[in-house]
Amino acid sequence: MRASHVLVALLVAGSLAFAAIGVVINDTFYLRLATEALIFAGLALSVDILLGYTGLLSLGQALFFGLGAYLSASVLMIVPSFWTAIGVTAAASGLAGLVGGFIVQRVRGVYFALITFGMAQVAAKVVYNTRALGASDGLIGVPVININLGIASLSSASPAGFFLFVLALIVVFYAFSAYVLDTPFGRLLIALRANEQRIRFLGYRTSSARLAAYVIAAMIAALSGALYPMLRGFVSPELLFFSTSGNAVITVVTGGAGTLVGALYGSLLLTVLKSVVGSYTEHHLIVIGLLFMGAVVFLPKGLMSIVRPAIERVLARRQKA
Amino acid sequence: MTTPILEIRGLTVSFGGLRAVDDVSFEVARNRITTVIGPNGAGKSTLFNLISGALQPRNGKVLIEGVDYTGQPPYRMQAAGLARSFQITNLFFDLPVSENLRLAAQVLEPLWMAWRPIRASRAALARVDELLDRFGLADKAQYPAGSLSHGEQRRLEVAVAVACKPKILLLDEPTQGMSHGDSQQTATLIKSLATDVTVVLIEHDIGLVMSLSDHVIVMHQGQKLAEGLPADVRSNPAVQAAYFGHA
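For the protein sequence lines, the chains are A and B, in the order given.
Every letter in the first sequence is one number past the one before it in numbering that gives the first Met the number 0, and letter 260, counting from 1, is 259.
Every letter in the second sequence is one number past the one before it in numbering that gives the first Met the number 0, and letter 130, counting from 1, is 129.
Be aware that a few hints might be false.
The list that follows gives simulated cross-link-like pairs (lysine-lysine, DSS-like), each with its CA atoms no further than 30 Å apart [as the list claims (entries may be wrong)]:
# : chain 1 : residue 1 : chain 2 : residue 2
1 : B       : 139       : A       : 300
2 : B       : 139       : B       : 190
3 : A       : 300       : A       : 319
4 : B       : 190       : B       : 166
5 : B       : 166       : B       : 60
6 : A       : 319       : B       : 139
It is worth saying that the hints were derived from the structure and are not from the lab.
Isolated chain A (complex conformation) (with noise of 0.2 Å):
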């Protein structure tokens, strides 16, 4: 875990050093596509919990992803307030979030990856038949917000301030995951995943640790996703997409699952490859396949796997002297 912990330093200090060449060459095409890759950062770090830790392969998050940013949305439109949104997300997502886990919970594997599947397909189909939601356009026109923090106050319209902003959050979010799964509760979540059948004799109420696993992914997905509207100013149902939920799987996978931090470097690669190799060819997703295919061959582990024993071995050599 200190590993991770140095790792996500590293990341903090990238951002600023790159916030500050944004600021100075005046660029927003960049940050923006950062504070983009932040965002599904976010959603990749809840797609992390379920599987690197519990051992559950969602491939429907994007439902709780798409949740909030339509609720994000939405609440906007009406009340310009970034609290106001994130509130409401967070309430309703974590409502979403325990009726969703009752109806999982009851299954494991391949049955848990299709039952949440199945309910973003549906929550999709919905959102893009549904003219109050904008229906397959979606929710133009979100206004520009000011984020009160108190002390100042900050425009979701600033490239660089709303990327240190969004920053801000998914380090939120990677610490609070980083301490739950490292008290007795997230050790009990490793536990159930090696071997479930012998928790439930030592006293443990499986079903409730796994809903509250499912809950507290949902709500960061939510979370997330809530910030994107902020970002671009609108929200589309491809955001609930299998599209969507897949590209998060892709990258816990190429970073390395069961790291958290592997969350947060992946969204990073992906994103970069995306609008690089992008500009060159319309097939990226072909490259993006390769790399995915390539990680779970190669790297079990993702690319912290190559990465993460370097610095602990700093790290024990540091303790040493």
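Chain B: place on chain A using the hints.
Frame of chain A; chain B shown alone:
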């Protein structure tokens, strides 16, 4: 007369046409060692599965201190003070020995401790250290459970079961596959446990059964064939016929 700590009444379950456990009744005395013996396929492990909530009985009752716990899920049985070990070693093989024990001991802590850092769970961690010492696993604490020898894994299996300080401990063949020396050591350990825990044991080693048990229950083809003091059971002709074939 005081209520027995564990009472089984007419417990029955069938798989297909086979009555794996057929109308079995007995009582277990507090802080004694009761051993269930019988040939392979007699229904001993199935009986344990019924008592511990792994299987639902078709008929009959499981009473803990007079309260009906029939068919309750395993976590409720644990809360009622009943813990068990398994015949086939059932551990968290990738996790360290100490973490195996900590998971089992965590139920000694109040529920809200689950959301605080591990080091705050002092009672659970103290229990882990105590068990590591008592079961001779202290020098293996940080090794994954899967890296232990068979005998050590069997000992850890019992330690994990006893970690939650149960009132009733069901041990399914704790010495299974152990060398003679290891078996003796485990027997001593079980005997020392029985000062504050009621132990129900499945065991094949007749020598061990005779030296360890306060009370013996013999099962044969799903039914209870006999019960009594170890010496009485041993000299029972019906038991001898079932167990050793025709003399």
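Verification of the supplied hints:
For the hint linking residue 139/B to residue 300/A, the alpha-carbon distance of about 27 Å falls within 30 Å, and the restraint holds. Note on residue 139/B and residue 190/B: the hinted pairing holds, with a Cα-Cα distance of about 24 Å set against a maximum of 30 Å. Between the alpha carbons of residue 300/A and residue 319/A the distance comes to roughly 27 Å, so the proposed pair stays at or under 30 Å and holds. At roughly 15 Å between alpha-carbon atoms, residue 190/B and residue 166/B fall within 30 Å of each other, so this suggested pair holds.
As the CA atoms of residue 166/B and residue 60/B are separated by approximately 19 Å, the hinted pair is consistent with the 30 Å bound. The straight-line distance between the Cα atoms of residue 319/A and residue 139/B is roughly 23 Å, inside the 30 Å bound, and the hint therefore holds.
Hint compliance for this structure: every hint is met.
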